[in-house]
Amino acid sequence: MTDKPTTASAGKTLAILGGIICIIGTALTFDAGSSNIMAEIGIPLLSAVLFFAISGELNVNGSMKRGAMAFLCFLNIAVLAFGTIYGTMELYLGAVLILLAVGVLALSTSSGTYRWIQADRI
Amino acid sequence: MSADKQVERKDNLTGYLAIAAGIVLSAAVLFGSTGPDWVLNERAFIPYLNCETIYERVFSIGLTVCGTLVAIFGFDLIWLRRGDVLSATGLVFLIAGLIAMNITAFVSGWDLQGALVTAMVLAVLLGTVLMTVDNWMGGRIFVGGISLVLIFSLLALLAANGISEFWIPATYGFSAWMIIQGLNFLFK
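Chains L and U, in that order, are what the protein sequence lines are. Sequence positions in the first sequence follow this note's numbering and run 12 to 133. Sequence positions in the second sequence follow this note's numbering and run 1289 to 1476.
Treat the hints with care, since some could be wrong.
FRET-style restraints, in silico, Cβ to Cβ [unchecked claim]:
id: 1; chain 1: U; residue 1: Val1327; chain 2: L; residue 2: Ser45; range: 28 to 34 Å
id: 2; chain 1: U; residue 1: Asp1372; chain 2: L; residue 2: Ile35; range: 41 to 47 Å
id: 3; chain 1: L; residue 1: Asn70; chain 2: U; residue 2: Lys1476; range: 28 to 34 Å
id: 4; chain 1: U; residue 1: Glu1330; chain 2: L; residue 2: Ser46; range: 25 to 31 Å
id: 5; chain 1: L; residue 1: Asn72; chain 2: U; residue 2: Arg1370; range: 33 to 39 Å
id: 6; chain 1: U; residue 1: Ala1315; chain 2: L; residue 2: Ser45; range: 39 to 45 Å
id: 7; chain 1: L; residue 1: Ile35; chain 2: U; residue 2: Arg1345; range: 50 to 56 Å
id: 8; chain 1: U; residue 1: Asp1372; chain 2: L; residue 2: Ile52; range: 38 to 44 Å
If the Cβ cut is set under 7 Å, some of the chain L residues that face chain U in the computed set are [claimed, not checked]:
id: 9; residue: Gly78
id: 10; residue: Ala79
id: 11; residue: Ala81
id: 12; residue: Phe85
id: 13; residue: Ile88
id: 14; residue: Ala92
id: 15; residue: Phe93
id: 16; residue: Ile96
id: 17; residue: Tyr97
id: 18; residue: Gly98
Listed next, the stretches of chain U that the computed footprint assigns to chain L, with coverage defined by at least 3 CB atoms under 8 Å from CB atoms of chain L [to be verified]:
id: 19; stretch: 1330-1344
id: 20; stretch: 1445-1456
Just so you know, the hints here were simulated from the structure itself, not pulled from any lab data. All C-beta atoms in this analysis are idealised placements derived from N, C-alpha and C, irrespective of residue type, glycine included.
Work out the full structure, taking the sequences as your base and the hints as a guide.
Below, the structure written as structure tokens:
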């Protein structure tokens, strides 16, 4: 096993940060009087789950290939875009989370991370 | 001509068709948007014979040309013979293109217009989803990912604002998507 590349570590850190910001941001901006409570809670939590899933897969004992990880990252961006446009998330919170998700995508599909996943992870 | 060269030429043709269709559709919508009374909604998809203003005529002709290009693009996808999903995508786009041509060039009354527009939109949506699946299966993660984000964004717009504010982002989104798919065929 070789040393974990910086890109993988940075991607993992960003993903954990994204998940935490997603949950805290949702809790702080939550409107209890909304008639659409399930969507307001469910969509941000789905995004948080995806953030944490990606961070877990960037561990040394993760098992996902690059394509599956890229799919999760794009799905996360798509879910965040859905939530922001649909209005279940505040605009600034959605924008920050989409930026974080794009950063996670760039880091987890970078060539350094790819090489590590393909050959050196375990 | 070698087999590799033939495959490359088929890919190039598919790519050029997709790019041309995307440019024609966005140009027609852009020109229509400059009209003072022209609004892009379900009633904008009118037969050429029923058009009254220049904006309606240009959009109608643009849709006919775009429909023809999308139909040939769909036929081309079937012709490539590169898997069941891509062939199914081609068949759906062929149907969508033929319906678009039919709405603007051949239908002169209003009897079937609403049903045809709905069928065209459903066919385009299904084709986009199938093409996205094919992109992911073929390992083209960047194009597949952009398609995924586009589909989710359009669904959110549809859910949030209803059909009335869906048409403009949907047509521009579809144009951009066609151009990206075309570039993907050209440079893969």
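To test your reading of the hints: which numbers does this structure violate? Hints 10 and 19 contradicted; others consistent.
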